[in-house]
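Following the hints, position chain W against chain F.
Chains as they are written, first to last, in this note's numbering: chain F, 1 to 355; chain W, 1001 to 1355.
Derived by calculation from the structure, the hints in this document are not laboratory data. Do not take every clue at face value.
Below, a list of computed lysine-lysine pairs in the PhoX-like style, where the Cα atoms sit at most 20 Å apart [stated by the list, open to error]: (1) Lys1317/W with Lys154/F; (2) Lys1183/W with Lys1317/W; (3) Lys315/F with Lys228/F; (4) Lys318/F with Lys228/F; (5) Lys174/F with Lys1174/W; (6) Lys1133/W with Lys1030/W; (7) Lys1344/W with Lys1133/W; (8) Lys154/F with Lys1030/W; (9) Lys1154/W with Lys30/F; (10) Lys1158/W with Lys30/F; (11) Lys154/F with Lys1174/W; (12) Lys158/F with Lys1030/W; (13) Lys213/F with Lys1154/W; (14) Lys344/F with Lys271/F; (15) Lys183/F with Lys315/F; (16) Lys183/F with Lys213/F.
Chain W residues, not near chain F, derived (Cβ > 12 Å throughout) [said to hold, decoys possible]: (17) Lys1012; (18) Leu1015; (19) Asn1043; (20) Phe1143; (21) Gly1243; (22) Asp1262; (23) Arg1269; (24) Ala1310; (25) Asn1338.
Each residue gets a CB set at the ideal place from its N, CA and C atoms; glycine is no exception.
There are 2 protein chains.
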Amino acid sequence: MDVSTFEISVRKTELSRINQLDQDNIQFGKIYSDHMLQAYHENGEWQNAEILPYGNLSMSPATSFFHYGQAIFEGIKAYRDADGKPVIFRPYENWKRFNRSAERLGLPYVPEELFMDGMRKLVDLDSAWVPSKGQTSLYIRPFMMAVDEFIGIKPTTKFLFMIITCPAGPYYDKPVSIYVDDKYVRAFPGGIGYTKAAGNYGASMYPMTEVRKMGYDQILWMDGVEHKYVQEIGTMNVFFVLGDTVVTPELGDTILEGVTRDSVITLLRDKGIKVEERQLSIDEIVAAHEAGELKEAFGTGTAASISSIADLTYKGKKIELPSVENWTVVPSVLQELNAIRYGKQEDRHNWLYRI
Amino acid sequence: MDVSTFEISVRKTELSRINQLDQDNIQFGKIYSDHMLQAYHENGEWQNAEILPYGNLSMSPATSFFHYGQAIFEGIKAYRDADGKPVIFRPYENWKRFNRSAERLGLPYVPEELFMDGMRKLVDLDSAWVPSKGQTSLYIRPFMMAVDEFIGIKPTTKFLFMIITCPAGPYYDKPVSIYVDDKYVRAFPGGIGYTKAAGNYGASMYPMTEVRKMGYDQILWMDGVEHKYVQEIGTMNVFFVLGDTVVTPELGDTILEGVTRDSVITLLRDKGIKVEERQLSIDEIVAAHEAGELKEAFGTGTAASISSIADLTYKGKKIELPSVENWTVVPSVLQELNAIRYGKQEDRHNWLYRI
Chain F
1 MDVSTFEISV RKTELSRINQ LDQDNIQFGK IYSDHMLQAY HENGEWQNAE
51 ILPYGNLSMS PATSFFHYGQ AIFEGIKAYR DADGKPVIFR PYENWKRFNR
101 SAERLGLPYV PEELFMDGMR KLVDLDSAWV PSKGQTSLYI RPFMMAVDEF
151 IGIKPTTKFL FMIITCPAGP YYDKPVSIYV DDKYVRAFPG GIGYTKAAGN
201 YGASMYPMTE VRKMGYDQIL WMDGVEHKYV QEIGTMNVFF VLGDTVVTPE
251 LGDTILEGVT RDSVITLLRD KGIKVEERQL SIDEIVAAHE AGELKEAFGT
301 GTAASISSIA DLTYKGKKIE LPSVENWTVV PSVLQELNAI RYGKQEDRHN
351 WLYRI
Chain W
1001 MDVSTFEISV RKTELSRINQ LDQDNIQFGK IYSDHMLQAY HENGEWQNAE
1051 ILPYGNLSMS PATSFFHYGQ AIFEGIKAYR DADGKPVIFR PYENWKRFNR
1101 SAERLGLPYV PEELFMDGMR KLVDLDSAWV PSKGQTSLYI RPFMMAVDEF
1151 IGIKPTTKFL FMIITCPAGP YYDKPVSIYV DDKYVRAFPG GIGYTKAAGN
1201 YGASMYPMTE VRKMGYDQIL WMDGVEHKYV QEIGTMNVFF VLGDTVVTPE
1251 LGDTILEGVT RDSVITLLRD KGIKVEERQL SIDEIVAAHE AGELKEAFGT
1301 GTAASISSIA DLTYKGKKIE LPSVENWTVV PSVLQELNAI RYGKQEDRHN
1351 WLYRI
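Chain F with its partners taken away, still in its complex shape (with noise of 0.2 Å):
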């Protein structure tokens, strides 16, 4: 790849937004750090890669993706290590899924050197935004759309690859009540529930908001075929803790290959822990919970890390899982993740990208 097609320049903000943030009591989306990453492909290349001040987009009401959502994003943190040095927690597996996402939905190919090198500058001018207080992170938000003014439904040609970032604060683990869905469906094979499409969080929304409605927190996505398999939960991977086995839905076309669950997969087998990654049915799950062998369950993501489930319904009964206080293995992999993270162990995985 020729990577002087592109180069990044950068365009420094005349009066950084910084003083508006408020340490002690930061709300995630609140507020975006002061500067932005974009770059447009067109005629086959990439080119005008910039870093600029954060601000509005002048868009056509004709723009391509407004109308035929041809969108992918990512999301991946930065945190202070333990000398207050920013880092990234494995930007490449990002880097690596936003990729094979882009190939799915029709979008170009994100070189390494506009992504990474993308990021690292933009982290680095924008490093007074990198939180310090305890379990904070900037969460980083790559994305790039077909951005064509025109309606026609035919293979695009201009695209916009963007970063933004903002400061995101503590995460405090509560338990999340969970409705398992017959219903309606995220993922089904052939289509694109693997990728970070756009169009795969939209389709949630009513699904949600109509289990929110029930008093439930999250969605347990079945299989779409036999209704039968449980896939994710709400917009994370799902762990269920079976006896002395941890079980996860082996990956595929229809789930997300999350960074958080093969770290949660990678320190659970250094622990000695067993890692199963297969089917698993909704029906065996109430059969363990029925034989005193559900010991914990829970869901991970990079906004959440991992959210411990304190029950499950399905077909109107609900299982309660034991008290997350006697629970094991849900707060000695969140213990040692955020202890990696914020670089209070050693990185024996070579997680961690500095800036």
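Below, chain W without anything else, positioned relative to chain F:
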């Protein structure tokens, strides 16, 4: 509904761009009419509905639908009747379908006073943009999306409804070559296939590009569970003439309830032709072809109206349809549909909406 909560204000352009339109060589989507409609929904109600000069929107890069694809659209056409007056074809059907899409995507209900009156006022103001030469039309694109400036996943609260329009040239029915896809899936029970959600179209870009590389024009999508029953062709509903019966897939949550589909079924039944809306397997189509009973096949949609199918390739075997010159169903129904649209035949079903 309290319609006094919104009124549609009008701010006219100071300089029309109509002289940029080449009436003899209209390229779809090349140039948009002078005005557009926009209305925001916030704090639970519609407000600030306005017709204003067509132009760019200023949007935050954190705008919700950029990331989560909560967006829908419609496609409608206006024609000039025998007296040269603009008429809109069956817009109430699109209004109803728009609201079905809106509900499933977690977007607000758009009242008739906004959708229909807004469209009428907009087309009336830009009536010079409704082309007058043979088989031309004004394409009308209503669309709506979630525009909260927030990238967390939570129910959205701010929405933008818009209508833009553009002239469309005559459509030439060049019979299309179809690839029967058994790898990618467009729609699935429990999903959003029946809606005009943006995400449905973005997900089809890559498969569409793949089949075009193989030399085909469009994909015939199969059902996602058994890969056995035909669903839609590209972005159109599909019909097969088997012997003396016209068969089209029955509606459900995986099939778009096409307005042209319904119009074609109605006109066929008016002529005494038997139409069946039912499950139709690819095996039945292959068997009918082998028995010499597969007479015609076509797609229907607002953009192309009726699109004849030249051949179907399934599992490496190409089924050639009889020569289009010998077809009777497609030409007669297309002729009648156009006669009604252009006011040359009695509008016995009250399909034309007069401005």
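Hint check:
Restraint check: the Cα-Cα separation between lysine 1317/W and lysine 154/F comes to about 26 Å, which exceeds 20 Å; the hinted pair is violated. Restraint check: the Cα-Cα separation between lysine 1183/W and lysine 1317/W comes to about 16 Å, which is no more than 20 Å; the hinted pair holds. Restraint check for lysine 315/F and lysine 228/F: satisfied, since their Cα atoms lie roughly 12 Å apart, inside the 20 Å limit. Restraint check for lysine 318/F and lysine 228/F: satisfied, since their Cα atoms lie roughly 17 Å apart, inside the 20 Å limit.
Among the hinted pairs, lysine 174/F with lysine 1174/W is inconsistent with the structure: their alpha-carbon atoms are about 60 Å apart, more than 20 Å. In summary, the hint linking lysine 1133/W to lysine 1030/W is supported, as the alpha carbons are separated by about 18 Å, within the 20 Å threshold. Of the pairs offered as hints, the one joining lysine 1344/W and lysine 1133/W holds, with about 14 Å between alpha carbons and a cut-off of 20 Å not exceeded. For the hint linking lysine 154/F to lysine 1030/W, the alpha-carbon distance of about 14 Å falls within 20 Å, and the restraint holds.
Straight-line distance between C-alpha atoms of lysine 1154/W and lysine 30/F comes to about 14 Å, which keeps the hinted pair within the 20 Å bound. Taking the CA atoms of lysine 1158/W and lysine 30/F, the gap is about 15 Å. The hint holds against a cut of 20 Å. At most 20 Å may separate the alpha-carbon atoms for a hinted pair to count; lysine 154/F and lysine 1174/W meet this at roughly 17 Å. A C-alpha spacing of about 15 Å is found between lysine 158/F and lysine 1030/W, which places the hinted pair at or below 20 Å, so the restraint holds.
Among the hinted pairs, lysine 213/F with lysine 1154/W is consistent with the structure: their alpha-carbon atoms are about 13 Å apart, no more than 20 Å. Proposed proximity of lysine 344/F and lysine 271/F is supported: the alpha carbons are some 18 Å apart, at most 20 Å. A C-alpha spacing of about 11 Å is found between lysine 183/F and lysine 315/F, which places the hinted pair at or below 20 Å, so the restraint holds. Restraint check for lysine 183/F and lysine 213/F: satisfied, since their Cα atoms lie roughly 16 Å apart, inside the 20 Å limit.
Here lysine 1012/W stays apart from chain F, with its beta-carbon at least about 18 Å from theirs, past the 12 Å limit. Every beta carbon of chain F lies more than 12 Å from that of leucine 1015/W, the smallest distance being close to 18 Å; the non-interface claim holds. The beta carbon of asparagine 1043/W is kept farther than 12 Å from every beta carbon of chain F, the shortest such distance being approximately 17 Å. Consistency note on phenylalanine 1143/W: stated as away from chain F, yet its beta-carbon is not over 12 Å from all of that chain's, at 6 Å minimum.
At roughly 32 Å, the least C-beta separation between glycine 1243/W and chain F is larger than 12 Å, which holds for a residue marked as non-interface. Here aspartate 1262/W stays apart from chain F, with its beta-carbon at least about 21 Å from theirs, past the 12 Å limit. Every C-beta of chain F lies more than 12 Å from that of arginine 1269/W, the closest at about 29 Å, which supports listing it as non-interface. Non-interface status of alanine 1310/W relative to chain F is upheld: no Cβ of that chain comes within 12 Å, the nearest being about 20 Å off.
Listed as a non-interface residue, asparagine 1338/W keeps its Cβ farther than 12 Å from every Cβ of chain F; the least gap is roughly 21 Å.
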